[in-house]
Amino acid sequence: MTNKVNRKFRALFALAVITALCCCVLVIWWAYLLRSGAQFTAKAKDMENRIAVLKRGFSLQPQKLIAAEKAAQSMIAAEQSRIKDAVFKSRWPQTNEITPMAFKERLFDYQDTLRKKAAGTHTALPESLGFKEYALDVPEARQVDVLMKELFMADDVLAIFLENRVYAVVRVEFPHQYTQLKKKTGVNMTTPFSVVSMDVSLETDLAQINKILQDLAARDIIYNVKKITMKRDSKDSDHVNADIKLECICL
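For the sequence shown, my numbering gives the first residue as -10, with consecutive numbering after it.
To be clear, the hints were calculated from the coordinates, so they are not data collected in a lab.
Possibly wrong hints are sitting among the right ones.
Keeping only pairs whose Cα atoms sit at most 20 Å apart, straight-line, the calculated PhoX-like set for lysine-lysine is [what the hints assert, rightly or not]:
{"no.": "1", "residue 1": "121", "residue 2": "93"}
{"no.": "2", "residue 1": "220", "residue 2": "234"}
{"no.": "3", "residue 1": "200", "residue 2": "234"}
{"no.": "4", "residue 1": "216", "residue 2": "200"}
{"no.": "5", "residue 1": "200", "residue 2": "220"}
{"no.": "6", "residue 1": "200", "residue 2": "106"}
{"no.": "7", "residue 1": "234", "residue 2": "224"}
{"no.": "8", "residue 1": "105", "residue 2": "121"}
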């Protein structure tokens, strides 16, 4: 009888232990599920946040590109303005406030100074230095801008010729002067710059021509040699007659 009771007690005890172990396993498994679910929820939420940030970034990208492009354009414009000011502010005359009579005074000073310099370098000059029509006449106010640009160009270019001691300046002409002066505004106002054209003929030698071209290229002002033709006096001579077509870019 006692043995039977012991067996039943052992069986019940074993069942209780097994039940307790099963409960522990269930509790651990449930805790694991809860923890995994919480981690999954956190990861899902983090992913949603990342996606939202990316979407917001992509939605703002066109605006950022536009802003960057505007900033770049502004920087380019500022740099162009800086270069323009650096090159032309001190070199190119401000013609807006120059009156016709003031132009006449500058023209006489230019011609007088140039002929005195030419006498010192023994350089022959032509009767007309590009402004024969205005030896006596006074230009209209609207024409002063064109004439002042031509005068400034002639003064600068002929100074280079005299510095290089050319033998003679045979001809100085502004081929588009008549056309530009007939325009109501004097110059083409549809572009941010104007072009002054000048034709000159020289008597010099090859070495001087080469030096003149170097000096023109080294100037702060933008010169463009459109065409140059040279003819030697003889095969064995370096003495040449040169015709040069020049352009000056006026910003």
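When the hints from earlier in the document are held up against this structure, which numbers fail?
Structure breaks hint 7 only.
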